[in-house]
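Chains as they are written, first to last, in the working numbering: chain A, 1 to 504; chain B, 505 to 1008; chain C, 1009 to 1179; chain D, 1180 to 1350.
Keep in mind that the hints are not guaranteed to be accurate.
The list that follows gives simulated cross-link-like pairs (lysine-lysine, DSBU-like), each with its CA atoms no further than 30 Å apart [what the hints assert, rightly or not]:
#: 1; chain 1: A; residue 1: Lys407; chain 2: B; residue 2: Lys628
#: 2; chain 1: B; residue 1: Lys911; chain 2: B; residue 2: Lys951
#: 3; chain 1: A; residue 1: Lys407; chain 2: A; residue 2: Lys447
#: 4; chain 1: A; residue 1: Lys407; chain 2: B; residue 2: Lys506
#: 5; chain 1: C; residue 1: Lys1120; chain 2: C; residue 2: Lys1159
#: 6; chain 1: B; residue 1: Lys655; chain 2: A; residue 2: Lys3
#: 7; chain 1: A; residue 1: Lys124; chain 2: A; residue 2: Lys151
#: 8; chain 1: A; residue 1: Lys2; chain 2: B; residue 2: Lys911
#: 9; chain 1: D; residue 1: Lys1330; chain 2: D; residue 2: Lys1291
#: 10; chain 1: B; residue 1: Lys655; chain 2: B; residue 2: Lys628
A partial selection of chain B residues facing chain D, derived with a Cβ cut-off under 8 Å [unchecked claim]:
#: 11; residue: Pro857
#: 12; residue: Pro891
#: 13; residue: Ala968
#: 14; residue: Ala974
Derived from the structure by calculation, the hints contain no laboratory data. Even glycine gets a Cβ: it sits at the ideal position worked out from N, Cα and C.
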Amino acid sequence: MKKILIANRGEIAVRIIRACRDMEVRSVAVYSDCDRAALHVRMADEAYAVGGNPPRESYLRIDRIIDAVRRSGADAVHPGYGFLAENEEFAAACRDAGVTFIGPSPEAITLMGSKTAARQVAIKAGVPVVPGTEDPLGDEVSEADVLAIAKRVGYPLMLKAVAGGGGKGMRMVTEPSELASALRAARSEASSAFGDSAVYLERRILTPRHIEVQLLADHDGTVIPFVERECSIQRRHQKVVEESPSMAVSPELRQRITSAAASVARQAGYTNAGTIEFLLDADGSFYFLEMNTRLQVEHPITEQVTGVDLVQWQIRIARGERLTLDPAAMLVPRCHAVECRIYAEDPDTGFMPSPGPLRGLRVPHGPGVRDDSGVYEGAEVPIYYDPMISKLITWAEDRPGALARMKRALAEYEVRGIRTTIPFFRWILEDEDFRAARFDTTFIDRKLGARNGEPLGAPDDEHAVVAAVAVALRQATGSAAPAEAARAESTSRWQQAARQGALR
Amino acid sequence: MKKILIANRGEIAVRIIRACRDMEVRSVAVYSDCDRAALHVRMADEAYAVGGNPPRESYLRIDRIIDAVRRSGADAVHPGYGFLAENEEFAAACRDAGVTFIGPSPEAITLMGSKTAARQVAIKAGVPVVPGTEDPLGDEVSEADVLAIAKRVGYPLMLKAVAGGGGKGMRMVTEPSELASALRAARSEASSAFGDSAVYLERRILTPRHIEVQLLADHDGTVIPFVERECSIQRRHQKVVEESPSMAVSPELRQRITSAAASVARQAGYTNAGTIEFLLDADGSFYFLEMNTRLQVEHPITEQVTGVDLVQWQIRIARGERLTLDPAAMLVPRCHAVECRIYAEDPDTGFMPSPGPLRGLRVPHGPGVRDDSGVYEGAEVPIYYDPMISKLITWAEDRPGALARMKRALAEYEVRGIRTTIPFFRWILEDEDFRAARFDTTFIDRKLGARNGEPLGAPDDEHAVVAAVAVALRQATGSAAPAEAARAESTSRWQQAARQGALR
Amino acid sequence: MHFDLEIGGRVRRVRVERQDAHYQVAVDDRVFLVDSRAVNRETLSLLVQDGDGSVRSVDASVQPRPGSSTLDVSVSGQTLPATLLTRFGARPAEGVASGSGPQQVLAPMPGKVVRVMVAPGDSVEPRQGLVVIEAMKMENELRAARAGRVKTVRAAEGQSVEAGALLVIVE
Amino acid sequence: MHFDLEIGGRVRRVRVERQDAHYQVAVDDRVFLVDSRAVNRETLSLLVQDGDGSVRSVDASVQPRPGSSTLDVSVSGQTLPATLLTRFGARPAEGVASGSGPQQVLAPMPGKVVRVMVAPGDSVEPRQGLVVIEAMKMENELRAARAGRVKTVRAAEGQSVEAGALLVIVE
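Construct all of the structure, not just a fragment, from the sequences and the given hints.
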């Protein structure tokens, strides 16, 4: 494997390019029009345009990406996550083009990509699943029929996209009257995100934790699961903070849940990297939720607690190497790691996206800090894609140490020109329940709800006095420097509109 | 311990401020005139001016630093390395002012700070020392007397500052005719660096490796040594690349050399963090060289291979905590780590210092990379202090992985406005002997000598063609942007002079 | 120079005077001696000496919100809004009135209208959904700020809209 | 536009022409199609398409050395010098002649003279030490580039010197 094309953009493309460099393999980027000067394009050895800004015109265009594979002479393709990562046609197209798809087989993607088929695999592997429907509910199934099925599953329930992931096409429904609009929204989002509007129903476990198990599987049948990840801190079903290990998982439970994960992977004939997601109920029982047949956004925390480079192992497995890791060591965390997903969103206006030019950027450094970013100072955050600009990971000997370090790293993080979710993470880190690891998947939405739109990070009086001093200095010195022009040019109209608009 | 004053500047001050933040302790910076806007001042919670630019007027002024301690209400002082870190008067002044000095006792500093007394301690601890003089040779000892003593020690020999460290005041002497000028230079450098011109002589071990052992010692008599560091890659006796573990140290040798280090520390009644340096001869025997009674520049590689935060432990020990680390685990490397010390020096003009404004800075990130830097984009690298601007640390499962990652990280590192030693490290990383870990302390000077001043990183033809394309684009587009003004303002006169001067 | 500043929930009287290389700043009855350096185009490094001689170090940037008299003041990474008041303590007029009058619902970002949930003449409750716009792969529901009646609907499903485009007017 | 460029040990003929949003660049007989974007004040992101259709991505910056016709060209982090030649292939005059004439030894940085090792009238060998300057805590020895005789010594031990200060002239 001499040259790898990365069929993705943003931080994950950069992450994979770094893995290529770290293995002295050449890297090839693809890009849409607005991504011409994106970081992944600048960092790759080669780069090819694949079309217009909407994903359907570029990053989802299998034909154009295969064309870039041919032009570059790449002998392998890494799909990252999102876009074509869980698309079996793409994996098959790579196979047909004679290049290695760095991921599972198209068959495994098809099998586990259908959330309903995946449930069957788990049941066969002897792993408990959340009660729900076993068959997909496509557009042909009427609202009335779904209502009838929902009655059997019982309320509250979850509506989920069969092809789903990342919280898209997912809705909670607490009573029958909400079902119709939730069904429409979920189908519409699922269709636009995955090109498949089918959904299924699952009983809602009331206050579960979201626990997931990363695993690697080689072509000789070795499956190695890793220390679990705790992903209960979600906003509208999207993970925003992850950590490893989970404070809710004892070594004994770790044994059981990682064994269950490995059984599901073996049952599926799975190869390469994948993640099994579980719901952990308050009583300690756990249920198979779904499998992600790809690299996960939050993979770095596992890398930090085990010392393993998962992306390099994906590549090594894809080129036929056998897993030589010590399975026992992969279940013993070396440290505690936390990740915050930094989004270009304004937490003070209901997390509205905040695209635009990144006028200034200073990134934290030093011991126990890793920043996996897809941007640079001067880059433009486009409106067409996921608004995550960076993943900030910290680790330390224990959880309080890792959290203190995250607080420090967030204080060092400076982003000018766009709004980010950094103040939101500062607020979470001060929360007593969070610090005590007392939470479930409803935690953030409940806590945010309780704020009633109050701005985050309200300052104490001392802070306000110092801020007043800063204003005095600005008035006296006429701003920091010749910044007027820069400011005028880069504060985009929409930000202005957002702050004056009806959302406030 | 609620507030710590850091009696230092640059990257190590920033490193210690980060440790304070990570422990939720307030930090206090001190600064000389030209350091007013330095990174350590910006990052600290409080900052106090301590005088003029030359160290003797600021960072070496015990009275002013103690005054800043009083004004800030700090209850502890961290000295970093260099400046007052191994000055027993300063440690005593802190004690007298009623604040904790984060380091060993003044008595231990005095004892181990005298290189000749330290040799006696090692001998008492049963640890072999390099044959040499046991008494300091101050200014009162004439050149003729030193010549006579040198004859007894035997040539080649090393002239070293009694108060020394960091390669300053150190000269190799291969024959009697060189002794006089080497003695003058060493005494002059020692006097200006340490305020003490006394030197001593040591037999020169011909092709030794420099191996050192980090240790922590608490106030209850527990001494814990860590996996060794390999520091043989030195230019003019200054470490430039360090790694851990050493490829020349077997687990059996590690046992012996770390036990020897712990014995020396116990014999000295040592507390807090310290490092014992050894010469490892080609035949596998090792000799005590000296002890550094402070935090070491290269401490981060030990942090990476053991997962321990040494600076936090310095603080914990100073506030009376007991060492709770597992000693056995500290001798088992979890990964392989490498550090490159990035200097503001131009390797193509004989490593002339290259101070000035840092017009542009892009720092590497991602898995397995840590950058401990003391600068930021827009900062000025002053002429008055050590020219190290950053320490770049990479780690991976094994040495080839760590080196590949270092190569990648150096490629990501972008510094505009001043020259740095980054091209020099690129060149070392390509060296076959270096990659095979076949080296001793003479390696770099021999390799550089063999180049005969040839510029580093001479490009292949393909590289030159692409560079020609870049020039074409610049000519066609009229530079990248409105950069003319910025360039004119920030290219300092001395750079111009350096490049046109007699040195080329 | 002196002015009134609304910040942190209170109006404060601020006075600033140059003193050699420093500035003396009074906030109500507290007086500080400040040393300020620009470290980049937008950021000042401030050393703020208090009455007791202690000196705080903070990085600060002050950004006016376009079309408004509000300043976003960022101190040590935390941002808070401040409003400069006129000499007579009055608040200057804002670009958009927030408490009464018709609500103009504008597109907060460029995107695609995926759903229009109201028609002219509908009466709406506070926080009732009006239009859903998709941008950055997320659907964002724009809601009514107050109760009222829909006067105009300019948005159409499937339409691409620019930032600031008028979507709905609620009276 | 075309010019001759000395780079990587050879003189190359370079021709550049705009083609819509791209540039066609010929270096001797190799032709590239280049897409260029400025990513900051000094850096261009270049996508360089080769004859075979493959497209390399490089970051490039080109900095003129002050007082000289040399350009420092940095491509993917590696810097190499280039010299623009005139239309007739001649090298423009350099600010300082390097091969002959008197050597003016200048202070390469601000610092303190700690040793002066020659006196007027001394004859010196190539690379013989002349003056030692201390800066950034290191002693830096300035040496003769060629053999010659010391004409003037302006440096005095203990003296502080500015960058560019004349220290010694060797004829």
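Query raised in the report: Can you name, in rising order, the numbers of the hints this structure does not satisfy?
Result: Hints 1 and 6 contradicted; others consistent.
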